[in-house]
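S.K.: The primary structure of each chain is shown beneath.
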Amino acid sequence: MTAITNAVRLPQANIRRYLAAGTFFLLGLIDIALFGLTAHSGDAIFALSLSGSGIQVPSIHVPAAPACFVLGAISIGAGVLRATSELSRLGRRLVIAVALLCFLLALLCWADAGNTIGPVNLVDVLQGTVTAAIPLVLGALSGVMCERSGVINIAIEGQLITGAFAAAAVASVVGVLWFGLIAGSLTGGLVGALLAVFAIKYRVDQIILGVVINLLAIGMTTYLYDRVMAPYTDTWNKGNFFTNLKIPVLGDIPIIGPIFFDSNVFLYLTYLLIIVVQIGLFRTRWGLRVRAVGEHPTAADTVGIKVLWNRYRNVILGGMVAGIGGAFLTVGNVGQFSTGMSSGFGYIGLAAMIFGRWKPLGAVAAALLFGFSRQLGDVLGLLQVPVPSEILSMAPYLATIIAVAGLVGKVRAPAADGKPYVKA
Amino acid sequence: MTDQQTVVEATEPSPRRSRMTPGVLIEAVTHGSPAVITMLAIFSALVVGGVLIVVTDPVVLRAWQSLGYAPGTALSDTWQSVATAYSALFEGSIFSPSTVAHAFHGGSIAAIFYPLSLTVFEATPLILTGLSVAIAFRAGLFNIGATGQFIGGAIVAAWLGFGVSLPLGIHVIVCVVGAAVGGAVIGWIIGELKARTGAHEVIVTIMLNYVMIYLLFYLLSTPRALQQPHQFNQIAPPIAANANLPHVGGPPPQAGAGFLVAIAAAAAVAWLLSRSTIGFQFRTVGANPSAARSAGMNVERAWVLVMAVAGALAGLAAATVILSGGSPPPPLADSTYGTYGFDGITVALLGRAKPWGVVLAGLLFGALNAGGTQVAATTPVPTDIVQVLEGLIVLFVAAPPLIRAVYRLRRAAGTGMEAIAKGWNG
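Chains as they are written, first to last, in the numbering used here: chain R, 818 to 1241; chain H, 1374 to 1799.
The set of hints was computed from the structure by calculation and includes no laboratory data.
All of these numbers come straight from a predicted model, not from anything done at the bench.
We treat Cβ as the ideally placed atom computed from N, Cα and C, and that holds for glycine.
Honestly, I wouldn't trust all of these hints.
Across the chosen pairs, the derived CB separations fall in these ranges [to be verified]:
hint : chain 1 : residue 1 : chain 2 : residue 2 : range
1    : H       : ILE1636   : R       : ALA1010   : 52 to 58 Å
2    : R       : ALA1010   : H       : ALA1750   : 35 to 41 Å
3    : R       : ARG1229   : H       : PRO1602   : 19 to 25 Å
4    : R       : LEU1215   : H       : ARG1674   : 24 to 30 Å
5    : R       : ASP1069   : H       : GLN1604   : 47 to 53 Å
6    : H       : GLN1604   : R       : GLU1112   : 50 to 56 Å
7    : R       : SER1160   : H       : THR1650   : 56 to 62 Å
8    : R       : VAL1239   : H       : ALA1750   : 45 to 51 Å
9    : H       : ALA1484   : R       : GLY1157   : 45 to 51 Å
10   : R       : LEU911    : H       : PRO1602   : 45 to 51 Å
11   : R       : ALA1010   : H       : THR1650   : 44 to 50 Å
12   : R       : PRO1048   : H       : LEU1541   : 27 to 33 Å
Simulated crosslink set (SDA-like; lysine to any residue; CA at most 20 Å straight-line) [what the hints assert, rightly or not]:
hint : chain 1 : residue 1 : chain 2 : residue 2
13   : R       : LYS1018   : R       : GLY935
14   : R       : LYS1240   : H       : PRO1774
15   : R       : LYS1236   : H       : SER1663
16   : R       : LYS1018   : H       : ALA1778
17   : R       : LYS1018   : H       : SER1663
18   : R       : LYS1176   : R       : LYS1240
19   : R       : LYS1176   : R       : ARG1229
20   : R       : LYS1236   : H       : ALA1660
21   : R       : LYS1018   : H       : ARG1777
22   : R       : LYS1176   : R       : ARG1108
23   : R       : LYS1123   : R       : LEU1105
24   : R       : LYS1176   : R       : ALA1216
25   : R       : LYS1018   : H       : PRO1774
26   : R       : LYS1236   : H       : TYR1780
27   : R       : LYS1063   : R       : LEU867
28   : R       : LYS1018   : H       : GLN1654
29   : R       : LYS1236   : H       : PRO1774
Which residues of chain H face chain R? A partial, calculated answer using Cβ under 10 Å [as the list claims (entries may be wrong)]:
hint : residue
30   : PRO1431
31   : VAL1432
32   : ASP1450
33   : PHE1515
34   : ILE1576
35   : VAL1577
36   : PHE1590
37   : TYR1591
38   : THR1595
39   : ASP1757
40   : VAL1759
Make a model of the complete structure from these sequences and hints.
M.R.: Structure (structure tokens):
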């Protein structure tokens, strides 16, 4: 079947090229016609430092309409380049990034010019982006760890919500936030273990299993919240959370400091986990074995790699990573648990993993993009721009559909992903 | 998947299976036929749910703390805690003895059937979304997108319901058909994406669910689209009286034409799958796409068609909700889609993707939902216990080897769900 679909797909490389070029061209036209021509006269002002921070950076003033024209022209140029020349894979990605960035900047210039609220604070927006991306990144890393070893993980949502619940409960009862973090992680690992046992031992269809585990996790946390947590909020749901921990030197760098180095422990933990998973998967013996098990378990088994053991370990470790993401939702962000607070983050994390082609760094980039689109919705809402925020909220999901439909290059899962291994 | 299972079972030597003797029944029990497994799964879920009710009951926990002084109290409180919750579940969904007593003393006889009517009412959309997921299963596709298709149907049904004015009888038919078409369009998009680009339907449907939810929010907050005039909330104008599905007597909600739509849909799906050429193609594609292709079937066309049919069924589910004809009729709002789409997955799994199995599973989950309201109203146990029970039932049903191991049943063959296990690339 794969051979047939490949045969059908070959001419699609050309279709894809013109489709991509056409999209960039269209984006450029929107930049010019929609944003450039209708922008209020005057400058778009972008503030670059938070009020009250050490070193103040002067704000940027850009004449809105000309800026949109220039950005549109760049985007159209990118379209022409994509259509006329054979680009390397890196080149193709760069072109996509450039066109997307031009579009977003033009959108911001257009929205910001002549508004009455005051300048858009870019540092604030990007700081919010990074914070919004934390649960998505951790969820996506969980997905990467499971699926690289050959087990599909749709249960990310369930791992997040149970992690959030356990973190809030344990932190409240014990009174130590770190215990909450650890409890969240362990509970996420427990959900991972449930997934692993049913997927690996009982060989249940992993996609179905993930969906069922999510329903069970949401039902269980909602039940426990209504029965135990809500009536005894003072004991079970105090709502304490980690305070910000500014990194001494790095945190004082203008612009970059407040965005990347002035957050609570969860952000730093996320950096650490990204590095560990990225290097672990591609530079260590552990990673080589995991990837072997996920791509060709029979071959891996032949050379003496323990397939099932590798899968169990990875699924449970992945669950623990997502559990930390869940803990972030409560003890790392708002403090109190509320029902259904994971609100689809697990599914966006899944989307980020696919969008990032089952690679840790790709998943991080996708998660940041999704986090940014959320922030952008908030900003445009504040500026009272006549773009409905609902349409912007759709963007990550539409982008994922476009990605899996192969319009921006083909995404391919690990070869044995989702297939239970039975020793011959 | 169920076909593969049947094939597996048929090829194994089981001579006594063909005749209906007591021996067959005993064998079904000791070896765990699908029906027995399902029963045991429901029983196990009730046991685990009971444990959950007990360990979260402060009264019981306090009684256990003084176990040494009053062991009887601890045990009776434990029993009391579970028994009141589960009997409320039963009385809210099937039948309440007090209504019979009441009827003997001059009360309403119809009141006896009120809990059952609630069950049927709750079951109606679940059966339809369950059928939507089930028919896609049979063609080898996992339709997580019933939510999105439901919303597609709901948007069309609501718009036709308040936006046009048609005579009695015709209006409701137009609305129901419109809802089916609205859902079918969304399903068709998913099928086309799968057929043309190879995009995995699970990812597409998950993402499309969110797209549709935000589309609904957008339409409901745009006065020129679906928002009720002079409203700040995300709510549509009420459905015209002509567009509501008729229902039989009694205080609403009552069993109405919506349930008949669901039963008719189940019959149609059953006929389609077992008696029609296209249904045969669906099943063949589901069992083995490569073989179907070799046999000259158009696999891509089957995917598109089955998703359109699945979408139409989810759209019908929306029609039975939107046009249910309560008084006052519930208008389309930002929470109307509820959990019908995901509940459809559990219903389809429990019903083993067979149309009449789905009807039974839908009735069971409808009963649980109806009973859950009663549980929350009369006991300290929140209604969410139902969601836990449903999740547990399906988890156990999906893993027959687990049930076999727990209840010491012999032979592990012909398992249920792993037959369609396949990766994202498949």
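S.K.: With reference to the structure, classify each hint as holding or not holding.
M.R.: Comparing the hints with the structure gives:
| no. | hint | in the structure |
| --- | --- | --- |
| 1 | ILE1636(H) <-> ALA1010(R): 52 to 58 Å | 42 Å, violated |
| 2 | ALA1010(R) <-> ALA1750(H): 35 to 41 Å | 37 Å, holds |
| 3 | ARG1229(R) <-> PRO1602(H): 19 to 25 Å | 50 Å, violated |
| 4 | LEU1215(R) <-> ARG1674(H): 24 to 30 Å | 26 Å, holds |
| 5 | ASP1069(R) <-> GLN1604(H): 47 to 53 Å | 50 Å, holds |
| 6 | GLN1604(H) <-> GLU1112(R): 50 to 56 Å | 55 Å, holds |
| 7 | SER1160(R) <-> THR1650(H): 56 to 62 Å | 44 Å, violated |
| 8 | VAL1239(R) <-> ALA1750(H): 45 to 51 Å | 49 Å, holds |
| 9 | ALA1484(H) <-> GLY1157(R): 45 to 51 Å | 35 Å, violated |
| 10 | LEU911(R) <-> PRO1602(H): 45 to 51 Å | 49 Å, holds |
| 11 | ALA1010(R) <-> THR1650(H): 44 to 50 Å | 46 Å, holds |
| 12 | PRO1048(R) <-> LEU1541(H): 27 to 33 Å | 50 Å, violated |
| 13 | LYS1018(R) <-> GLY935(R) | 59 Å, violated |
| 14 | LYS1240(R) <-> PRO1774(H) | 18 Å, holds |
| 15 | LYS1236(R) <-> SER1663(H) | 18 Å, holds |
| 16 | LYS1018(R) <-> ALA1778(H) | 12 Å, holds |
| 17 | LYS1018(R) <-> SER1663(H) | 28 Å, violated |
| 18 | LYS1176(R) <-> LYS1240(R) | 28 Å, violated |
| 19 | LYS1176(R) <-> ARG1229(R) | 11 Å, holds |
| 20 | LYS1236(R) <-> ALA1660(H) | 16 Å, holds |
| 21 | LYS1018(R) <-> ARG1777(H) | 13 Å, holds |
| 22 | LYS1176(R) <-> ARG1108(R) | 11 Å, holds |
| 23 | LYS1123(R) <-> LEU1105(R) | 13 Å, holds |
| 24 | LYS1176(R) <-> ALA1216(R) | 18 Å, holds |
| 25 | LYS1018(R) <-> PRO1774(H) | 9 Å, holds |
| 26 | LYS1236(R) <-> TYR1780(H) | 27 Å, violated |
| 27 | LYS1063(R) <-> LEU867(R) | 14 Å, holds |
| 28 | LYS1018(R) <-> GLN1654(H) | 33 Å, violated |
| 29 | LYS1236(R) <-> PRO1774(H) | 18 Å, holds |
| 30 | PRO1431 | 9 Å, holds |
| 31 | VAL1432 | 12 Å, violated |
| 32 | ASP1450 | 16 Å, violated |
| 33 | PHE1515 | 6 Å, holds |
| 34 | ILE1576 | 5 Å, holds |
| 35 | VAL1577 | 6 Å, holds |
| 36 | PHE1590 | 5 Å, holds |
| 37 | TYR1591 | 4 Å, holds |
| 38 | THR1595 | 7 Å, holds |
| 39 | ASP1757 | 4 Å, holds |
| 40 | VAL1759 | 8 Å, holds |
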